[in-house]
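> Reassemble the complex: the two chains are provided individually, in unrelated frames, and hints are given to aid placement.
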Amino acid sequence: MHEELRGFGFTVITVALDPSTDDARPWIEAARPTHPSLIDTTHVLADLYNVVNVPTILWIDEHGRIVRPNDVAFGTDTFKHITGLSAATHLAALRAWVRGETTALPEARIRALQSLPTDDDQRARAEFGLGEWLFAHGRTEAAARHFAKAGELAPHDFTIRRGTMPMRGIDPMGPQFREMFGAWVKAGNPYYRPLAE
Amino acid sequence: MTATRRFTVLDDGRPTEVDEPEGAALAKRAEAAGRPVAVDLDERVAYLGVGAAERAKALASLEAPDFTLPDLDGRRHSLSQYRGKKVLLVAYASW
Numbered sequence: 000m001h002e003e004l005r006g007f008g009f010t011v012i013t014v015a016l017d018p019s020t021d022d023a024r025p026w027i028e029a030a031r032p033t034h035p036s037l038i039d040t041t042h043v044l045a046d047l048y049n050v051v052n053v054p055t056i057l058w059i060d061e062h063g064r065i066v067r068p069n070d071v072a073f074g075t076d077t078f079k080h081i082t083g084l085s086a087a088t089h090l091a092a093l094r095a096w097v098r099g100e101t102t103a104l105p106e107a108r109i110r111a112l113q114s115l116p117t118d119d120d121q122r123a124r125a126e127f128g129l130g131e132w133l134f135a136h137g138r139t140e141a142a143a144r145h146f147a148k149a150g151e152l153a154p155h156d157f158t159i160r161r162g163t164m165p166m167r168g169i170d171p172m173g174p175q176f177r178e179m180f181g182a183w184v185k186a187g188n189p190y191y192r193p194l195a196e
Numbered sequence: 000m001t002a003t004r005r006f007t008v009l010d011d012g013r014p015t016e017v018d019e020p021e022g023a024a025l026a027k028r029a030e031a032a033g034r035p036v037a038v039d040l041d042e043r044v045a046y047l048g049v050g051a052a053e054r055a056k057a058l059a060s061l062e063a064p065d066f067t068l069p070d071l072d073g074r075r076h077s078l079s080q081y082r083g084k085k086v087l088l089v090a091y092a093s094w
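Each protein sequence line maps, in turn, to chains A and B. FYI, the numbering for the first sequence is 0 to 196, going by numbering that gives the first Met the number 0. FYI, the numbering for the second sequence is 0 to 94, going by numbering that gives the first Met the number 0.
Here chain B stands alone, though its shape is the one from the complex (with noise of 0.2 Å):
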């Protein structure tokens, strides 16, 4: 019996790793939900992103969405910790 090949998941980019009809099953059944899937079947990868309507409503809310980051140190701080002082966000990039 061959063993069945691995396929990872990334759900809203957390890896899983199942079983390939399990992975592509998956994929199929996010998207019919409506969710944004990229899949790559040769490499056994699916990302399941989150969709529109549901980032859209949260930053509707004006509710500043958290996340969680680290530092150059790999310690992780989140928007959240900051509650109580006006925060200026800023993305940049070295690019």
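Isolated chain A (complex conformation) (with noise of 0.2 Å):
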């Protein structure tokens, strides 16, 4: 995609929500991109963007405005089964966008669509920023007792609740993971918001 799109004054920049650059570094270097492939090992990005989960992803047009807000989109089909999310719709609209054969959407409706965060979203957060200091320091008990407050805060969001599970010593695609996944769901909440639109 950044390839082709490169020559109508388009970059891809991702940003890996990892626990630490070792995490990301197998999955960069298998994609091997041509364009900007971040790090952000203390969710910098996250506490800007009010980001919940992965893969989120926004379009910033040339004057560095949002013109689409965080919205769940896949490059690939892996997990269709899961998502009900077709790749090839966000790529077509993201093509036409890039080619300027579409406008992006009004402003109110930009801003209607926006999730932006709550107090307890930021002191989840909070939370999070001192246990993951706490944990690159190596009190990883400590660190786990403040991960967990921080998923009591914010419990529908993932980059916490999944995201520091490998700081936990907790495999993240394993039965704890499934676990709260289903209990999640079984709710009747969302693991993935897609924009109406």
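Everything labelled a hint here was simulated from the structure, so no lab data went into it. Be careful, since some hints might not be right.
Claimed, not checked - Covered stretches of chain B (chain A as the covering partner; in silico rule of three or more C-beta atoms under 8 Å from a C-beta of chain A):
| # | stretch |
| --- | --- |
| 1 | 9-23 |
| 2 | 39-48 |
| 3 | 75-81 |
| 4 | 85-91 |
Note that beta-carbon positions come from the ideal geometry of N, C-alpha and C, so glycine has one too.
This is how it looks when you write it as structure tokens:
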């Protein structure tokens, strides 16, 4: 996508919300990206953009304006059987926007689609930030306490509840994840929150 | 005389070392000012976050908040360097 559209004044920027550079390394090395491929161990991006799960995508125009707020889109259909989201739908819309064939949404509509952080979201992020620092300084037990508290404050924030699993000795693809996911969905909550359009 | 123990204050992620009583006071003051604060008194660390109102205001302005993050080689990139291009920003993770 980046290669196809770069001639239109376009770039992809990827940001890995991973516990360490080494967690992200094999993925980035395998993809050999020609676009900026960044690593965000402290969740700077999640805090600034209210990112609560991955993948999350945004479109930003040439003036630095958000023209498509936090949405869920995949580059491939690997997870389509779980998510129901087709990669082609987003890619077609993206291609048309980049080539200038469509105009972006009106600002009022973009604002209506945005999900803005609450006090508890930001408290959760402070607990995460404290836990992440403690973990990075070898204080894993104290870190786990703050990760747990963060998850209680923002139960919908899987960058915290799932993203900290590796730092708590839990397999983020394993039974504890499946249990958390199952309980969340069973309670009627969405795991992915794609935009309505 | 015993030395005062040190306390780490992480102000929006940036660490500074202060004396223990000062650290606790800074955390209290930030909380009183409405900032989200996480404290671990046993570990002597506090994280002073940014409040929901400030973050929400920035997002609702539709001006994409700037950030600077490293790539695998440690080279730092800012979103603002790509002004003039359309950007697909993708947050993902290995987990």
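> Please go over all the hints and tell whether each is borne out by the structure.
Okay, the hints, checked on the actual structure:
Given as covered by chain A, the stretch 9-23 of chain B passes the check, having 3 residues with a CB less than 8 Å from a CB of that chain where 3 are the minimum. Given as covered by chain A, the stretch 39-48 of chain B passes the check, having 8 residues with a CB less than 8 Å from a CB of that chain where 3 are the minimum. Residues of the stretch 75-81 of chain B lying with their CB closer than 8 Å to a CB of chain A number 4, which satisfies the three-residue condition for coverage. With 7 residues carrying a beta carbon less than 8 Å from a beta carbon of chain A, the stretch 85-91 of chain B meets the three-residue requirement, and the given coverage holds.
Checked against the numbered hints above, the structure breaks none of them.
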